[in-house]
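Asks: The residues making up each chain are set out below.
2 protein chains.
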Amino acid sequence: MNLPTCREDALELDGLDEIAHLRDRFILPEGIIYLDGNSLGPLPAATPERLGRVISEEWGADLIRGWEGRGWMELSGRVAGAIAPLIGARPEEVAVADSTSLNLFKLLAAGLGLRPGRRVILTERESFPTDLYMAHGLAEMLGTEVSVRVVDRGELSEALTDEVAVLSLTHVDFRTGEMHDLEARTAEAHAAGAVVLWDLAHSAGAVPLALDASAVDLAVGCGYKYLNGGPGAPAFAFVASCHHSRLRSPLWGWMGHARPFDFSTAYAPAEGARRLMVGTPPILALAALECGVESLAGVSGERLRAKSVALTELFIALVERDCAECGLGLASPVQPSRRGSQVSLSHPRAAAIVAELMARGVVADHRPPDLLRFGFAPAYVRFADVWDAVAALRKVARGMRG
Amino acid sequence: MNLPTCREDALELDGLDEIAHLRDRFILPEGIIYLDGNSLGPLPAATPERLGRVISEEWGADLIRGWEGRGWMELSGRVAGAIAPLIGARPEEVAVADSTSLNLFKLLAAGLGLRPGRRVILTERESFPTDLYMAHGLAEMLGTEVSVRVVDRGELSEALTDEVAVLSLTHVDFRTGEMHDLEARTAEAHAAGAVVLWDLAHSAGAVPLALDASAVDLAVGCGYKYLNGGPGAPAFAFVASCHHSRLRSPLWGWMGHARPFDFSTAYAPAEGARRLMVGTPPILALAALECGVESLAGVSGERLRAKSVALTELFIALVERDCAECGLGLASPVQPSRRGSQVSLSHPRAAAIVAELMARGVVADHRPPDLLRFGFAPAYVRFADVWDAVAALRKVARGMRG
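Chains U and S, in that order, are what the protein sequence lines are.
Everything in the first sequence is counted per this note's numbering, starting at 1 for the first residue and increasing by one.
Everything in the second sequence is counted per this note's numbering, starting at 1 for the first residue and increasing by one.
Simulated from the structure, these hints should not be mistaken for lab results.
Each residue gets a CB set at the ideal place from its N, CA and C atoms; glycine is no exception.
Fair warning: there could be bad hints in the mix.
Some chain S residues judged to face chain U by a derived CB distance under 7 Å, without partners named [unchecked claim]:
| no. | residue |
| --- | --- |
| 1 | D36 |
| 2 | S39 |
| 3 | A46 |
| 4 | S56 |
| 5 | G232 |
| 6 | T265 |
| 7 | A268 |
| 8 | V278 |
Which stretches of chain U does chain S cover? Using the computed rule of at least three CB atoms under 8 Å from a CB of chain S, they are [claimed, not checked]:
| no. | stretch |
| --- | --- |
| 9 | 38 to 52 |
| 10 | 271 to 281 |
Sequences are here, hints too, so could you generate the full structure?
Replies: The structure is reproduced here in structure tokens:
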């Protein structure tokens, strides 16, 4: 790619973009360059009408009968089935329920159960904080027999001893965008006799995943980032088929029961990943998530990824060329295969720069202490947006020396 | 009350009902008599517009900035503050998060932590099944040291030994509507040195509750029944202030962290009940729940309860008088103070009768094996509805001998 020398060059790239039309599936406000879809995906065009119907025609008109007549009981499973191809899984391996954190808790506990005799959860300091908290909370509850081993990334291989039951990792680092080699880490865990649990919050919907082909055991992911399900959307959980017969989540909710409406006093887990459901499914939120997942339908993960890489490569190259004097450092890996769909830059006045960019309509994130985080969701971010964002960044950062 | 002898008498009772106007706060379909608000509350009139705004104006237009600019971070706490007076609690004692089942898990575990040395969860066979499942799942995870003691109601007092850490009870029985004496049971638990955990799913919003005055330790409740939050609405959890300093939930989510956006690797629980939050709050669902809770605003619990009792008393009296030959039995307590806001009848062909009532526009529930369940939400059920429902029941049940 020749680096664009003017905005028209960037527009030309958009003209050549074969998935540019996906942007029409979203409602994006005028005058905003949205580089924060990795925090919260934008509103899919289908969502307002769909939610209006679910609220007024389904709930309002059908009331309790919606559970059967409107397919509410199957909605969670339907959304799980729509997420499955995005992560390279079979529908019965995916459940949509609760939050990423809660699903992590279920699968950390279930993972310990899959490796009886081993009592260590191994994870790394760079994990998303809530992933660490959930592991520590679980270990505190289980008492002295279970421990959480938190190490630096470089120490992971060495720490994978025969005491480790679960290797729990965040696939894409929320700060730097650095991406693990999921297949290699999974194989390494297996070689050490452990199961692996991946947090896909920052990859599902933006990075092609092949969980079955990669022999992943367990995974969780987020509905409101690249899946565009709305603020606080339900999350998903993945359990490989080979573990279904032995999988025990400690959260025995009635919706994970094999026959919830028998109202039996004895618990009998449902088949497959569905046993990870707990309480009554949140229908409004699930309908919104279904619209969000559908906004990625019909386009291959490889095509999304190719555009994501082109966007981040362009951003990095333009920042290097045009913002050389701004005191910005690249905090993400240079090699695209080691990056998710985001680029992070460092600057001592990161918070002020992000605020000033926001005032100019460029929406990015500040992550303490010194990171500026730019997310490039390939479904709706344009090459011209990258151009405009770098132009704004240059103006803002020039005035803010550390 | 003189028993109405014709429909006009029932209409007269509606004319005298001082809270009849509350019905205008809901959208109820024409031709439907809705006696199932204890399964799913109806659509509040304010919800469609509110959700439309949250979706299009907040999420759609403000994107990630909604968390600060639209008060999303405070929404859960605001709804908790609105629920607090309905249950006789202080705002900081209530959290709105996740599902009733999950909140039960958190508080069962927390309750064990409040009584170190005691390792028994005591509950009764009549509990809502998911309440039993969650307790058993917790105990299985904790291993041999914790056990769940499930007894018949009549054996509860005797079973309250000095091994019991938590007495966990469903306030209103979902099958029969039988209501525990919450204050007496709480006092009994305290006398035995246990903490009490109430599941208020079938009482919050319909039965006046005074959790603080009754010295209740812990409670959970449902957002989609009498609080009208929509199918699968978020639930609430209550923790008495006296336990705040020692309360440990095992589910250490980032939203229950004292400073979630510090992204610290070390967990530090937030103040009060807020530490029971786990993942990112579900904004669409919370906005709908706020509308649901607001639909009960400005009316005292005592007034709602008085109407609820009048409705259930009328229903029972009319069934006794007009359906005497139908083979129906009263499965709810005769004494109104021992009933929630529902009346259950028994009949060997309960399922068929409920289906036939549904076909005639009277929406009630079947609970296996032989119960017909009629819920009387005082905010929108009319005395004329009771009359019409009994008239329909008589016609249907006469044709269905067991």
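Asks: Evaluate each hint against the coordinates.
Replies: Verification of the hints:
no.: 1; hint: D36; verdict: holds (5 Å)
no.: 2; hint: S39; verdict: holds (5 Å)
no.: 3; hint: A46; verdict: violated (11 Å)
no.: 4; hint: S56; verdict: holds (5 Å)
no.: 5; hint: G232; verdict: holds (4 Å)
no.: 6; hint: T265; verdict: holds (6 Å)
no.: 7; hint: A268; verdict: violated (10 Å)
no.: 8; hint: V278; verdict: holds (5 Å)
no.: 9; hint: 38 to 52; verdict: holds (count 8)
no.: 10; hint: 271 to 281; verdict: holds (count 4)
This entry does not satisfy hints 3, 7, going by the numbered hints stated previously.
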